[in-house]
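Throw the hints in and build the complete structure from the sequences for me.
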Amino acid sequence: DQQVKQNSPSLSVQEGRISILNCDYTNSMFDYFLWYKKYPAEGPTFLISISSIKDKNEDGRFTVFLNKSAKHLSLHIVPSQPGDSAVYFCAASAGNQGGKLIFGQGTELSVKP
Amino acid sequence: KAGVTQTPRYLIKTRGQQVTLSCSPISGHRSVSWYQQTPGQGLQFLFEYFSETQRNKGNFPGRFSGRQFSNSRSEMNVSTLELGDSALYLCASAQRGRGASYEQYFGPGTRLTVT
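Chains as they are written, first to last, in this note's numbering: chain S, 22 to 134; chain V, 391 to 505.
Hints are not guaranteed to be accurate.
[Stated by the list, open to error] Facing chain S, from chain V, some residues (calculated, C-beta under 8 Å): (1) G432; (2) L433; (3) F435; (4) N446; (5) F450; (6) F454; (7) L471; (8) E472; (9) A484; (10) R486; (11) E493; (12) Q494; (13) P498; (14) G499; (15) R501.
[As the list claims (entries may be wrong)] Short derived list, chain S residues pointing at chain V, Cβ under 10 Å: (16) T66; (17) K89; (18) L122; (19) I123.
These aren't lab readings, by the way, just hints derived from the structure by calculation. All C-beta atoms in this analysis are idealised placements derived from N, C-alpha and C, irrespective of residue type, glycine included.
Have a look at this one:
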């Protein structure tokens, strides 16, 4: 039972354009969502998060949108840079289990110069 | 602030042996969570420790255990190693507690190979 799903294993974008990474979840108890960036053989790096009481959160080039009714969130990167090329994971947690993150399978982003 | 550190970074063990991995959280962080990453199963939650107590546990057999010390450092132990235990083991720390954020910050991981 995969509670967090990233249906696109890979995404290719031109430098300077927008990258949109998508994530769906099934558990309505999730109330906090996070995005991580990961390079091979390294630990994930925290990018941005959003609480379920919000529908948008911005941090520099990164914006996360949350649509609770659709149980969907997305990460927008504008403008995309070659250094953004990595695997992106979305993760979710439920309030009473905040230390337990459920991860999606990841989307590999490739930003081409 | 120094980040999360994990030791050792690489480890090779034989089936049937046991292994202990160590994690030092970011200073001031009281929560430590452990995750296993494999190509087939992705990133899976093992357990979380907060103030020396296990607060959450994932769906792993009892061969996987952990503990946390009073300085928040944590260790993870795997007994009777199996080939399928070969993975990248990641530790993450978080502040937790009232008013704290939920963000977890990961260490570089320990790459365990079981032969």
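Consistency of the hints with the structure:
no.: 1; hint: G432; verdict: holds, 5 Å
no.: 2; hint: L433; verdict: holds, 4 Å
no.: 3; hint: F435; verdict: holds, 5 Å
no.: 4; hint: N446; verdict: holds, 4 Å
no.: 5; hint: F450; verdict: violated, 12 Å
no.: 6; hint: F454; verdict: violated, 15 Å
no.: 7; hint: L471; verdict: violated, 21 Å
no.: 8; hint: E472; verdict: violated, 22 Å
no.: 9; hint: A484; verdict: holds, 7 Å
no.: 10; hint: R486; verdict: holds, 7 Å
no.: 11; hint: E493; verdict: holds, 5 Å
no.: 12; hint: Q494; verdict: holds, 6 Å
no.: 13; hint: P498; verdict: holds, 5 Å
no.: 14; hint: G499; verdict: holds, 5 Å
no.: 15; hint: R501; verdict: holds, 7 Å
no.: 16; hint: T66; verdict: holds, 7 Å
no.: 17; hint: K89; verdict: violated, 17 Å
no.: 18; hint: L122; verdict: holds, 6 Å
no.: 19; hint: I123; verdict: holds, 7 Å
Consistency with the previously given hints fails for numbers 5, 6, 7, 8, 17, ordered from lowest to highest.
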